[in-house]
Structure formats: C-alpha cells, structure tokens
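**Student:** So the chains spell out like this:
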Amino acid sequence: DAGVIQSPRHEVTEMGQEVTLRCKPISGHNSLFWYRQTMMRGLELLIYFNNNVPIDDSGMPEDRFSAKMPNASFSTLKIQPSEPRDSAVYFCASIIRGNTEAFFGQGTRLTVV
Amino acid sequence: AQTVTQSQPEMSVQEAETVTLSCTYDTSENNYYLFWYKQPPSRQMILVIRQEAYKQQNATENRFSVNFQKAAKSFSLKISDSQLGDTAMYFCAFMKDAYSGAGSYQLTFGKGTKLSVIP
Numbered sequence: 007d008a009g010v011i012q013s014p015r016h017e018v019t020e021m022g023q024e025v026t027l028r029c030k031p032i033s034g035h036n037s038l039f040w041y042r043q044t045m046m047r048g049l050e051l052l053i054y055f056n057n058n059v060p061i062d063d064s065g066m067p068e069d070r071f072s073a074k075m076p077n078a079s080f081s082t083l084k085i086q087p088s089e090p091r092d093s094a095v096y097f098c099a100s101i102i103r104g105n106t107e108a109f110f111g112q113g114t115r116l117t118v119v
Numbered sequence: 399a400q401t402v403t404q405s406q407p408e409m410s411v412q413e414a415e416t417v418t419l420s421c422t423y424d425t426s427e428n429n430y431y432l433f434w435y436k437q438p439p440s441r442q443m444i445l446v447i448r449q450e451a452y453k454q455q456n457a458t459e460n461r462f463s464v465n466f467q468k469a470a471k472s473f474s475l476k477i478s479d480s481q482l483g484d485t486a487m488y489f490c491a492f493m494k495d496a497y498s499g500a501g502s503y504q505l506t507f508g509k510g511t512k513l514s515v516i517p
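In the order they appear, the protein sequences are chains L and D. Quick note, the first sequence lines up with residues 7 to 119 if you use my numbering. Quick note, the second sequence lines up with residues 399 to 517 if you use my numbering.
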C-alpha cells in the first residue's frame with residue numbers, strides 16, 4: 007500500500023482565497039483524522055471521521071474551516087476564506103479500528119500571505 | 399480531557415550514547431495507550447513505540463525502550479546507541495482506550511522534544 011496520500015505537498019495562497027487540502031487514506035482503514043501542526047500550539051486534532059461520518063469537529067477553529075469525506079477513499083479540508091494565521095502543516099491520518107497505530111500522510115504545508 | 403507534557407524542548411546526545419526523553423500526562427482514564435512518534439526533517443510522522451497502560455512490562459523496539467510509570471503518569475523514551483538518523487522531533491502521545499466510546503482512537507500530543515545526535 008502507498009500509505010496515506012496528501013495533496014498538495016505545499017500550498018501558497020493569498021489571504022482571502024479558498025484552499026482545499028486532500029487526503030486519501032489507506033485502503034480498509036475506517037477512521038480518518040485531520041491534524042494541524044504549528045510551532046505555537048503543536049499538533050492539534052481538527053476533526054475525525056468514522057466510516058465516513060464526522061464524529062467530532064470540536065477542534066475546527068472557525069466556520070471558515072470545513073471537512074468532508076464523501077467516500078471511504080477520499081477526504082477534503084477546506085478553508086474559505088484563508089487567513090495568514092491558518093499557515094501551518096496539515097496532516098491527515100488513518101487507522102483501522104481495533105488497531106491503535108495511526109498512519110500519517112506527509113502533510114501539506116500551507117502558507118497564507 | 400487529557401494533557402501531555404514534554405518538558406524538554408531540545409536535547410542533544412553524542413553518537414553511540416544513550417539519551418532519555420521525558421513525558422508526563424494527565425488523565426482520569428484507566429485504560430489507554432501511549433506512543434512515541436518521531437518526526438524527522440522530512441516531516442513524516444513515524445511510530446517509534448507503543449505501550450498499553452494495562453501492561454506492566456515496558457515496551458521495547460530494538461534500540462528504543464520506554465519506562466512506563468502508571469502511578470506517576472510518566473512515560474519516558476530511552477534511545478540506546480544513538481545514531482545520526484535519530485535526529486528528529488519526538489512526540490509523546492496519548493490515546494484513550496480504543497474500545498471505549500466517542501473520542502476513541504484520536505491522539506493527544508505533547509509539544510515535542512527536538513533531539514540532535516552529534517557525530
């Protein structure tokens with residue numbers, strides 16, 4: 007398996023623009039997580055899905071952030087409009103329930119200027 | 399809510415020496431899992447070692463071992479025979495019992511320790 011795949015690897019955008027981050031979990035994994043990593047706050051959980059259903063989005067910072075998982079093999083995290091303080095590395099991770107090892111993608115480094 | 403604290407922002411060790419990274423956590427849960435993840439400059443998060451709270455025996459993976467003190471809520475990582483490739487950020491993480499209700503499988507991370515292995 008190719009592991010968790012995130013795209014793009016890097017994204018630079020202007021303030022106010024819409025940004026969409028993409029994630030393909032490992033086939034067969036039934037939970038998916040979006041984490042954000044910043045120097046100040048470290049790694050924080052934004053939202054997670056079980057069997058494509060959003061379970062807990064309490065970590066989503068504002069209404070500008072939204073996440074979807076239309077099927078078991080694809081998820082998006084959208085920021086609209088983006089702001090400079092959204093600059094961070096965004097990680098997607100997947101897990102198969104019953105196993106505690108989470109597999110992470112390589113992350114998307116987002117820079118909002 | 400769970401919290402994870404890593405009190406050493408940065409550490410360094412000579413190649414081939416041993417180093418211990420500290421981690422403490424706070425939880426009211428009785429069953430849980432603890433992890434150490436490694437993040438090299440490539441940014442990839444790599445699982446180093448995992449410990450189930452109900453197991454008294456400390457986990458080991460080759461040169462990596464943990465000292466798990468449940469009563470003290472302490473979970474340190476020992477790296478023996480340090481290698482240049484061990485240079486990375488190391489994150490301690492907590493997961494509630496994967497068989498409990500909502501919130502299971504999510505990880506709560508510490509702020510990390512930056513480890514440098516010196517030739």
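Source of the hints: derived by calculation from the structure; they are not laboratory data. Beta carbons: idealized from backbone N, C-alpha and C, even for Gly. Just to be clear, a hint being listed does not mean it is correct.
As the list claims (entries may be wrong) - Derived lysine to aspartate or glutamate pairs resembling DMTMM-like cross-links, with alpha carbons at most 25 Å apart:
1) D:LYS509 to L:ASP63
2) D:LYS512 to L:GLU50
3) D:LYS509 to L:ASP62
4) D:LYS476 to L:GLU107
5) L:LYS74 to L:GLU89
6) D:LYS509 to L:GLU50
7) D:LYS471 to L:GLU50
8) D:LYS512 to L:GLU107
To be verified - Partial chain L-side listing against chain D, Cβ under 10 Å, derived:
9) GLY22
10) ARG47
11) PHE80
12) THR106
**Student:** Could you run down the list of hints and mark each one as holding or not?
**Tutor:** Quick rundown of the hints versus the structure:
Simply put, LYS509 of chain D and ASP63 of chain L have alpha-carbon atoms about 21 Å apart, close enough for the 25 Å limit, and the pair holds. Restraint check for LYS512 of chain D and GLU50 of chain L: satisfied, since their Cα atoms lie roughly 18 Å apart, inside the 25 Å limit. Distance check on the hinted pair: LYS509 of chain D and ASP62 of chain L sit about 22 Å apart at the alpha-carbon level, within 25 Å; holds. Of the pairs offered as hints, the one joining LYS476 of chain D and GLU107 of chain L holds, with about 20 Å between alpha carbons and a cut-off of 25 Å not exceeded.
For the suggested pair LYS74 of chain L and GLU89 of chain L, the alpha carbons sit about 20 Å apart, so the restraint of at most 25 Å is met. A C-alpha spacing of about 10 Å is found between LYS509 of chain D and GLU50 of chain L, which places the hinted pair at or below 25 Å, so the restraint holds. For a cut-off of 25 Å, the pair hint linking LYS471 of chain D to GLU50 of chain L stands: about 21 Å separates their Cα positions. Taking the CA atoms of LYS512 of chain D and GLU107 of chain L, the gap is near 22 Å; set against the 25 Å cutoff, the hint holds.
Checking GLY22 of chain L against chain D: minimum C-beta separation of about 27 Å lies over 10 Å; hint violated. Hint on ARG47 of chain L holds. Least Cβ distance to chain D is approximately 8 Å, under the 10 Å limit. Proximity of PHE80 of chain L to chain D is violated relative to the hint, the smallest CB-CB distance being about 19 Å (cut-off 10 Å). At about 5 Å, the closest approach between the beta carbon of THR106 of chain L and any beta carbon in chain D falls short of 10 Å, and the interface hint on this residue holds.
Of the numbered hints stated above, those contradicted by the structure are hints 9, 11, listed in ascending order.
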